[in-house]
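Protein chains in written order, with the numbering used here: chain A, 1 to 469; chain B, 1 to 313.
Hint data in this document are derived by calculation from the structure and do not stem from the laboratory.
Among the hints, erroneous ones may be present.
Stated by the list, open to error - Cross-link-like lysine-lysine pairs, in silico, PhoX-like; alpha carbons within 25 Å at most: (1) K217(A) with K149(B); (2) K149(B) with K299(A); (3) K455(A) with K65(B); (4) K279(A) with K299(A); (5) K65(B) with K458(A); (6) K195(A) with K173(A); (7) K215(A) with K53(A); (8) K65(B) with K448(A); (9) K331(A) with K213(A); (10) K195(A) with K299(A); (11) K213(A) with K274(A); (12) K261(A) with K102(A); (13) K256(A) with K448(A); (14) K80(A) with K194(A); (15) K215(A) with K149(B); (16) K279(A) with K149(B); (17) K448(A) with K277(A); (18) K261(A) with K173(A).
To be verified - Computed from the model, here is a short list of chain A residues facing chain B with C-beta under 10 Å: (19) P162; (20) G166; (21) A226; (22) H228; (23) P283; (24) K285; (25) Q290; (26) K416; (27) Y421; (28) Q429; (29) L431; (30) A437.
Please read these numbers as outputs of a predicted model, since none were measured by experiment.
Glycine is no exception: its CB is placed at the ideal position from the N, C-alpha and C atoms.
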Amino acid sequence: MSVIPEKSDLSRRTLLQRAGAAGLLAIPAAGLLSACAGSEPSKSDGGGAAKSKDNPFGVKDGSAVKVVVFNGGLGDQWAKEDKVVFNAKHPNVTVNMSSTQKIKTEEQPKMATQPSDLVMNSGADMMDRSTLINEGAIEPLDDLLTAPAWDGEGTVGDSLLPGTVGDGTQNGKFYVVNVAYTVWGNWYNAALFKKEGWTAPTTWDEFFALAPKIKAKGMAPYVHDAAHGYYPRWALFASIWKAVGKQAVVDIDNLKDGAWKADGIVAALEPWEKLVKDKLLLPGKLDHTQSQQAFLDGKAAFIQVGTWLKNEMAATIPPGFELTMSDYWSKPGDKAAKDVFAASGEGFVVPSKAPNKEAAKEFLRAILSKAGSAKFAELTKSLASTKGSGDNVQDTALASANALVKGGSGELISVKFPDFYADLDKESQNLSEELMAGRLTAAQFVDKMQAAADKVAKDSSIKKQTRTA
Amino acid sequence: MRHGVARFVTGFLALPVALYLFYVVWPFAQAAGYSLTDWGGYSDSQRFVGLDNYVRLFSDELIRKAFWHNVFFLVTVPLFTIALALFLAFLLNVGGREDRAGIRGVFGSALYKVIFFFPQVLSLVVIAVMWQQIYRTDGQGLINGLLIKIGLVDADNPIAFTADPEPFLGVPAVLWWLLLIAVWSGAGFYMVLFSAAMQSIPKDIYEAAILDGAGRFHTFFKVTLPLLRDSISVAWVYLGFIALDMYALVFVMTPSQGGPNHASEIFASVLNFTAFQKGQFGYACAMGVALAIFTILLAAVQLRITRRDRIEY
């Protein structure tokens, strides 16, 4: 799963691809055919050495491991640092590291015959995860979770942030090792708040009390991306989850009868309705980069978006701007006010036919180490999925996101129906935009979502999915 | 045709025809075949469902909405593009003052021709990026910024352009803003087309008309327009095709590709969503086939209606 959006939605290549595909429609994706990798187990030539606490998979000295890194928004410098960490313990194992943005184009054709040992399956050109698992093309990595941590107490599994194991698990087995951790919330400029003597609100009441003071300074209190419906949808769902708790959202994901009409959902959305009605939004229907720049330019006090903001806008963050993340606001009586909106992403996989799976798993252990993950956080200004990666990084954005996760309940906010049902995905994006444009009230939004969910539930041509956890 | 020549021609045509059959005609046939199945696009299993997909088309609200949006473009894109192109071509060729050298265009017409044709040279992506800046929905947009400066637009309530679903003359505002881009980018090409056609009209016809006391208005409607009938008819068909597509503009210029809330949904955007996001390739193919049939019928009807005896000159 890649939660980090592409830099720009408008790329000539995807545009032409889609236009061409829409015109032709008829040539079945050749890539899918070639994706069928054989699943019979292959002999590994890298293992066989004695296993120990420092070498739990028995990596053989003198063997080599091929690691492919996705060189996207996070860069690839952090991976080179992991190589140093790895070689400190295994000086006689050669790491051949390469980085690319075309994971599927370059790696998929090799999956059936001579794959790399460790592949970071990420970015726009990634291999479909379910296909890889269903074809038996990638290795279950449950033994990695039970192996001792590289440089800490306990096992590798113990050292991961909540949700990471769940995100990488399918059909009861752990396949995908997500190394990055994304947190969503409301960003503000701590330096500005200090200067003005404002306190960052934690509840809606505090926000509505602060808003007039912000407006008096000629700023808009709030801004969000109004061109992509999934941006406001994060915020709306954070509010719903916090107000009514996990089970109600699971019911929504499972298309349970009347799930949207559960007590408290309309009330959870009413502050957003009020925010729009009271004209607390920055005027204009800006897209993600426009709205983020407007926030950095001091035109709005808060923006809601994920932790990739720091990297995405790195070039234009003004000096002295203390980018700080705070949790989505809650209101009195919320059932799960302390649950945080976060998810792991940027997943590594080990191909089933990889010649040196032992070293691949050992390299993953190094990536997930305290030393490796701290370097990751330092270089990418994003949290790693290993606990404590951001503890020693001097960066307000990262430190505040880190504090947010640590102060949370341990339960993570997540919504599955957009991945389950394309119709509901589209509808919820559209309706989120409408609510934030003031063309729908909270109650109308809920009515329309219920109607859309009912329509999908009744449509026999749509395969139904179930959320359990 | 003599025997040897036939063999010679066949030899040259065999390869291109084979390529055409394989890469163009065969995919079309395949799409038509898939439209009779419930193929999902990601497996090799599919069930034959007969005309179910086509029946479903008629009860699909979203498709109906998209259809009427396409019809809107079908009427307006050719109408406005051709009107603007004709007007410009007329001014550039015969709209200027008359003097001893005869009929000519307005002053500087050579330069204007280059300027008007320019959008045709730009790639679609460049056009889209440029218009995103022009249509930007806050004070930094070209239009909004200007209008806010001179006080015509309230800074707290800027024009939303393609994010505006409110109806104008019964049609969502976003469609009108897209229409403006389509007309702007198309008019230059048809201006050149019409210019070429106008230049082939003998100057003495105009001179005769002017001697008889016809002004610019009458020369245009009584002389130029009737003699351009063929070119306009062809332009109308081409522009009809463009109007039935419009996919690229909707894809890059509207919120959530077809929004806000389906206000700019067109056939192609629904088709794309159905195939690539919903994974219902069979149904999407049915949409494609339906659109193709509609397009062919339209072109046939249009050419039939506008057919007339050619005037030789």
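message = Checking one constraint from the list: CA of K331(A) to CA of K213(A), max 25 Å. Satisfied?
response = Holds, at roughly 20 Å.
Restraint status (C-alpha distance of K149(B) to K299(A) at most 25 Å) = 18 Å, holds
inquiry  = Check the hint pairing K65(B) with K448(A) against an upper bound of 25 Å on the C-alpha distance.
reply    = At roughly 18 Å apart (the allowed maximum being 25 Å), K448(A) and K65(B) satisfy the hint.
query = Taking 25 Å as the top limit, are the C-alpha atoms of K215(A) and K149(B) close enough?
reply = 21 Å, holds
Pair hint K455(A) and K65(B), alpha-carbon separation not exceeding 25 Å = Holds - the C-alpha atoms of K65(B) and K455(A) are around 18 Å apart, at most 25 Å.
request  = Take a quick look at whether K256(A) and K448(A) sit within 25 Å of each other, Cα to Cα.
outcome  = 15 Å, holds
task = So, Y421(A) near chain B? Judge it on the closest CB pair being under 10 Å.
result = Since chain B brings a Cβ to about 9 Å from Y421(A), closer than 10 Å, the hint holds.
Supplied contact hint for H228(A), tested at 10 Å Cβ to chain B = With Cβ-Cβ at 6 Å, under 10 Å, it holds.
inquiry  = Need the status of pair K215(A), K53(A): alpha-carbon distance at most 25 Å?
reply    = With Cα atoms ~59 Å apart, K215(A) and K53(A) exceed 25 Å; violated.
request  = Report holds or violated for the interface hint on Q290(A), using the least CB-CB distance to chain B and a cut-off of 10 Å.
outcome  = With Cβ-Cβ at 7 Å, under 10 Å, it holds.
Hint validity - K285(A) Cβ closer than 10 Å to any chain B Cβ = 4 Å, holds
key: Given hint K173(A) paired with K195(A) - CA-CA distance at most 25 Å   = Violated. K195(A) to K173(A) sits at ~51 Å, over the 25 Å cutoff.
In this structure, the hints that do not hold are numbers 6, 7, 12, 14, 18, 19, 20 and 26, in rising order.
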